[in-house]
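Colleague: Read off the chains here:
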Amino acid sequence: MATAEAAAHSEGKAGGTYAGGLWSWITTVDHKRIGILYFLSGLFFFLVGGLEAMLIRLQLAVPENTVLSAEVFNQLFTMHGLTMVLFAVMPMAAGAFNYIVPLQIGARDVAFPRLNAFSYWLFLCGALLLNSSFFFGGAPSAGWFAYANLTSSQFSPGHGMDFYVLGLALAGAASIVAALNFIVTIINLRAPGLTFMRLPLFTWMTLVVSFLIILAFPPFTIGTIFLLFDRMFGTLFFEPSGGGDPVLWQHLFWIFGHPEVYILILPAFGIVSDVIPTFSRKPLFGYPVVVYSGILIAFLGFGVWAHHMFSVGLGPIANSAFSGLTMLIAIPTGVKMFNWIATMWGGSIRFRAPMLFSIGLVAMFTIGGLSGVMHASAPADLQQTDTYFVVAHLHYVLFGGTIFGLFAGIYYWFPKVTGRLLGERLATAHFWLLLIGMNLTFFPMHFAGLHGMPRRTFTYPAGLGFEGYNLASTVGAGITLLAMLLFLLNFVRSLRSEATAGANPWEASTLEWATSSPPPVHNFDVTPEVTSRDPLWYDGIALPAGEEEFHMPNPSYWPLVVAGGILMAAAGALVGLPVALLGAAVALAGIYGWSFEPIH
Amino acid sequence: MTDGRPRVPGHRRMLMFAALAIASVAAACGGDFPQSSLRPQSDVAREIDSLFRGIFWWAMVVFVVVEGALIVAIIRFRERPGAPKPRPVHGHTLLEIGWTLAPAIILIFIGVPTMITLWRIDRPPERSEVRVEVVGHQWWWEFNYPDLGITTANELHVPVGKTVDLRLRSADVIHSFWFPRVAGKRDLVPGRVNQLWFTPDSVGVYPGQCAEFCGTSHALMAMRLHVEAEEDFERWVEQQLREAVEVEEAGDDPLVSAGRDLFFGAGGCISCHQIRGTVAAGILGPDLTHVGGRGTIAAGVLENTLDNLASWIKDPHDVKPGNLMLDMGLDDEQARQVAAYLLSLE
Amino acid sequence: MASEMAHGAEAGGLETAMTHGSHEEPHASSRTYIAIALVLGVLTALEVMVFYVEALSPVLVPILLVLSTAKFVLVVGFFMHLKYDTHILRGLFFGPLAIAVAIIVAMMALYGYFL
Amino acid sequence: MERTSTGVPNEKMLMWAFIGSECMLFGSLIATYLAYRGRSIVGPYEEELLNIPFITVTTFVLLMSSLMMVLALSAVQRGDPRGSKLFLLLTALLGLVFLAGQVFEFNHFAHEGLGLGRNLFSGTFFLTTGFHGAHVTVGVIWLLTLWAMAMRGRLGPEKSLKVEVAGLYWHFVDVVWIVLFTVIYLMSGASGA
Ligand code: HEA
Ligand code: HEA
Ligand code: CUA
Ligand SMILES: [Cu+2]
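Line by line, the protein sequences give chains L, S, Z and R. The working numbering applies: residue 1 is where the first sequence begins, and numbers increase by one. The working numbering applies: residue 1 is where the second sequence begins, and numbers increase by one. The working numbering applies: residue 1 is where the third sequence begins, and numbers increase by one. The working numbering applies: residue 1 is where the fourth sequence begins, and numbers increase by one.
FYI, nobody ran anything at the bench for these hints, they're computed from the structure. Hints may contain errors.
[What the hints assert, rightly or not] Pairs of lysine-lysine residues, derived as DSS-like cross-links and limited to a Cα-Cα distance of at most 30 Å, are as follows:
#1 R:Lys162 to Z:Lys83
#2 R:Lys162 to R:Lys12
#3 Z:Lys83 to R:Lys159
#4 Z:Lys83 to R:Lys12
[To be verified] Restraint ranges, calculated between C-beta atoms of paired labels, are given here:
#5 Z:Val61 to L:Ile317: 18 to 26 Å
#6 Z:Ala55 to R:Met151: 51 to 59 Å
#7 S:Ser128 to Z:Ile88: 54 to 62 Å
#8 L:Gly576 to S:Gly282: 49 to 57 Å
#9 S:Asp232 to Z:Val61: 52 to 60 Å
Keep in mind it's a predicted model, so treat the numbers as computed, not measured. Ideal Cβ placement from N, Cα and C applies to all residues, glycine included.
With the hints as extra help, turn the sequences into a complete structure.
Modeller: As structure tokens, this is what we get:
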């Protein structure tokens, strides 16, 4: 198709190739490179979080185990939750936003390339800051939602909670900045003819998720700042002795926390909405409905937060309101499931790795969704909350949903990014092992929970009937680990293989497949004009003739300087005022350097 | 990263005792799952259970439909050589309406029973026959019966068939009160007073546990519920109302009297514990007036035997990491003496 | 009143409009801005007055809500130009604002304001 | 100027999206302020401290700075360097006056015994208004930067977008104060829970 010409074009163009070397990565403002950085960092933290999970499972393999001390165990599940949610899934998704979205909308880059680099570096600073707590007296250990007043300086005297506050403040700010960038990019940089109702679903869900991020993170930021002030300056926000209400933290956290779980799942929904049509060779069934249901899920997501608080004692009025609103979300989510199945229906399904994982998502997420509805019933949840039943629910939606969706995306776009296909046999083995492993790990947790096993317990006594379930979970976790090792093997091997994928190996329909694999620095030699929803399938693309003028932005190290300054300022809160002031000065200098640096 | 304290093989041995204790409870009345929410023994727990079972079956229906359709689709429409190119269907309005309405209808069947149960159990009880004030501490439970003037710890005694009306509050951080066999959870939130009630309908001993992460030893913050026949409960009340000295004078075992001296003297125990009728009036730890009569100690973690008591007193952190009882530096012999004294406090 | 002002701006015909390479409606004139600032000042004065009038205390909150909403709308609509900008920008602002307000109201309900 | 799908410049759209996010930030602060209103268990209480006449004056100052801001923008767009410089400086100066008022108020409260950790009112009040003050501070720095550019003749009509975006920010900060002034000060009599 158009791609061959595009590829041929890029040869002759100035600025069509990347500079090499470490410095070029550090100063890069190219969305594709930043996407790769995001993804690799996310993958790294996925491994870290996975390792933490393995230790958790090791300790819980048998009753009254003593592999880990209580203190270490409590740090591990806290950091496991935080790492997976904020430093594995979100950056891996951000990697895909960065790499794919500009390609899908026919843009040369995001709207603010340097801001984009800044988001990445700030995220990395936040992640490293939080994880460094392991080496400075212990990680936070109050759970990923860190309920007050256990987090007060009285009950969490070490620095763990300070790292929590500061690390997550940086990561949160980074996410907000990145999301703002994507909102502008998607609204403003679409190729001619690419109307909103022609956007690929992944781009749509990126847009929706970006809105969720800019709206959900601020309440959490405020909550952490209250906590910081309570801990450092003696305010009373969560201090019962001064009239403060620890439950306020729960509200602020979950006003963020519930939308956050949709921040985690919607990118995966976007991916499978692109993958399923490709591998069924049929356009997405009910496109507008799938789009609107995504928006509706996000919107409703702001009105259900107290379903995490049914046992707090908010009273029957609040509980029934939140219970009912929560159940409503099943409707738009179900609609998505049904439209995906209808897309396959009547298609010609190729079971390549991306499709396997997409089907896996539909199958597994449904289970997690249904246990979600069981939670949504407030009285029923009084028996389930804070037990392993919740742990089962959250892993079915997060592992069976998000992780499966992300792997679908990894297999789908790996050839676009590298020009190479991932090995199909290892991929298939990875899929089946992962499916078996995760079910063996997380399905028994439903029973453990209903039979009375609380979560976040570093040990459990024999005799309550939990032994079998836990052993099964641990074995399952081992299988998951094996599956992941297969993936890593495949990843490394494929990187070394020959680049034979071509522009559009899956014969997909969206714009990112119209350019070469990997794409040239400027993505498209000529901005394509789009005339249909599936441009590469039904003659929906026109490439205007002639040369086009464009400038790619210069590399810049200012984003890194500003992020570093902010990291220093944050660390200063722990180390001392001079460091904080110095950091602030560096950041400010960075901002001025940045503002007056020529872009092109 | 462990704070320099030696790793504890003892900890494991101790828990074994608790395990045995729990197993015996299990054998007595719970089948294999003595702490299961699926084996309800009270009005509230039964109501929640039947609500849950209803939802469960609706979920099964959805599960079968979705997974069934998925499996049919991937089998029927898998790629076959020579098959024609699929027709590009873009949607179907009636179908969309159908699969929007169907879940909505199912949700009505889930939502209405939910609301009915919610409004029944989430309001004050119709009768309030046994009132208990529960105070959560890191990591043990204090039970006060304001009408009866009783204070005890970690083991809650109630008469069968009477509505138990609990007021829940916390002395430090958030805990959550949970006896799965008789009721759902309710949090103990500092600065708030919560309510929970249930009417147990069968005699038995049921394990329960703190269900909100509350710090290092959250996992070891268990408790017991003794649902007793009316007469047994009254006998227990009478026993609890007595002051400790009366009981204690009965025995003049040398071990006991040595232990008593240590308890009130060099042991330093009275700075934290109360024994009514004596000078011991500490409030940081559980009331020990009738500790000898409890089935378990240290919040349901250890069976109440001489050996266990002695190991607890000798090294409480070995059993329960991070717990707030101080290691008073007693040696084995002394610990046994104090333990013997405590066991005499029935 | 709002529409009159917009009209006045057009009638004044002051071509302060800047084109960003796109079609853009004319901005209001300096005179309009000053008029709006005056109105804002008056509304503020009214608010403070209402605060001090004992007799109005039962309806203090509704009145204040109306007055401050009016100020809010004036600044956003004219100073921030939203009245003339594309609906996308309006959505970008009023969508989040609606969610924020809904959450504030829900929190007030949860903390016993409407009981 | 880059082509955009909507005709709205990227920077402007970025600022509006950011303002949307800020709605949630200040929304959370206001929600907390209201949730905790009237729950302090030791004094001094808000009724004893809040000085309505004083704050009315600073409120008025901030409103006027918003007026200066639109005038500055219109001067830049017109290509009127004198007006640009004058109005930008005035905007920033009025902002500084407002900040000075806030510093004075905070000091006064501290003198009356309202330390940061004194009671619930102090925490919610200082953080809510303090956050707003921090926004004003950033705005003032930004405006002064623009003013410096104008002084060096580097702020012609072609740069008016820079001023417009800064203006959006500044007006939003003003709008937030309209809400805080009403909710914190004028509604202080109408205590909640
Ligand atoms: C990807 C993340 C994700 C997603 C998508 C969801 C989706 C849902 N979640 Fe989940 N949830 C979490 C992540 C997620 N959750 C996490 C991490 C926690 C724990 C946090 C913690 O405590 O640490 C949690 C906890 C949690 C709780 C609190 C439990 C407790 O602590 O007591 C509740 C309560 O209502 C809940 C409900 C729901 C519901 C109703 C949905 C719905 O959106 C699901 C909708 C989907 C379906 C229902 C399936 C498909 C639908 C159909 C096929 C249509 C027909 C269906 C019906 C008619 C029922 N979740
Ligand atoms: C996206 C989110 C996500 C993901 C993917 C996972 C994945 C896993 N989780 Fe996690 N989990 C959470 C989010 C997630 N979890 C959250 C939010 C909580 C709540 C935390 C809290 O209570 O505060 C939780 C809690 C939680 C608990 C409960 C802890 C407790 O309550 O005490 C358990 C227990 O088994 C568990 C297990 C696992 C396991 C075995 C996996 C596995 O499936 C992981 C598989 C991944 C890998 C195996 C990675 C590959 C690793 C390697 C290849 C190792 C080699 C690497 C190196 C040598 C560097 N998780
Ligand atoms: Cu108490 Cu957990
Ligand atoms: Cu939720």
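Colleague: Can you let me know if the beta-carbon spacing of Ser128 of chain S and Ile88 of chain Z is within 54 to 62 Å?
Modeller: 59 Å, holds
Colleague: Measure nothing beyond the straight line between the CA atoms of Lys83 of chain Z and Lys159 of chain R; if it is 30 Å or shorter, mark the hint as holding.
Modeller: 23 Å, holds
Colleague: Below or equal to 30 Å on CA atoms is what counts here, so check Lys162 of chain R against Lys12 of chain R.
Modeller: Holds - the C-alpha atoms of Lys12 of chain R and Lys162 of chain R are around 9 Å apart, at most 30 Å.
Colleague: Is the hinted range of 52 to 60 Å satisfied by the C-beta distance from Asp232 of chain S to Val61 of chain Z?
Modeller: 58 Å, holds
Colleague: Lys83 of chain Z and Lys12 of chain R were given as a pair; does the straight-line alpha-carbon distance stay at or below 30 Å?
Modeller: 15 Å, holds
Colleague: Are the Cα atoms of Lys162 of chain R and Lys83 of chain Z separated by 30 Å or less?
Modeller: 20 Å, holds
Colleague: Indicate whether the distance between the beta carbons of Val61 of chain Z and Ile317 of chain L respects the range 18 to 26 Å.
Modeller: 22 Å, holds
Colleague: Given the range 51 to 59 Å, decide if the beta-carbon distance of Ala55 of chain Z to Met151 of chain R lies inside it.
Modeller: Cβ of Ala55 of chain Z to Cβ of Met151 of chain R: about 53 Å, so the range 51 to 59 Å holds.
Colleague: Honestly, do Gly576 of chain L and Gly282 of chain S meet the 49 to 57 Å range at C-beta?
Modeller: 41 Å, violated
The structure shown violates just one earlier hint, number 8.
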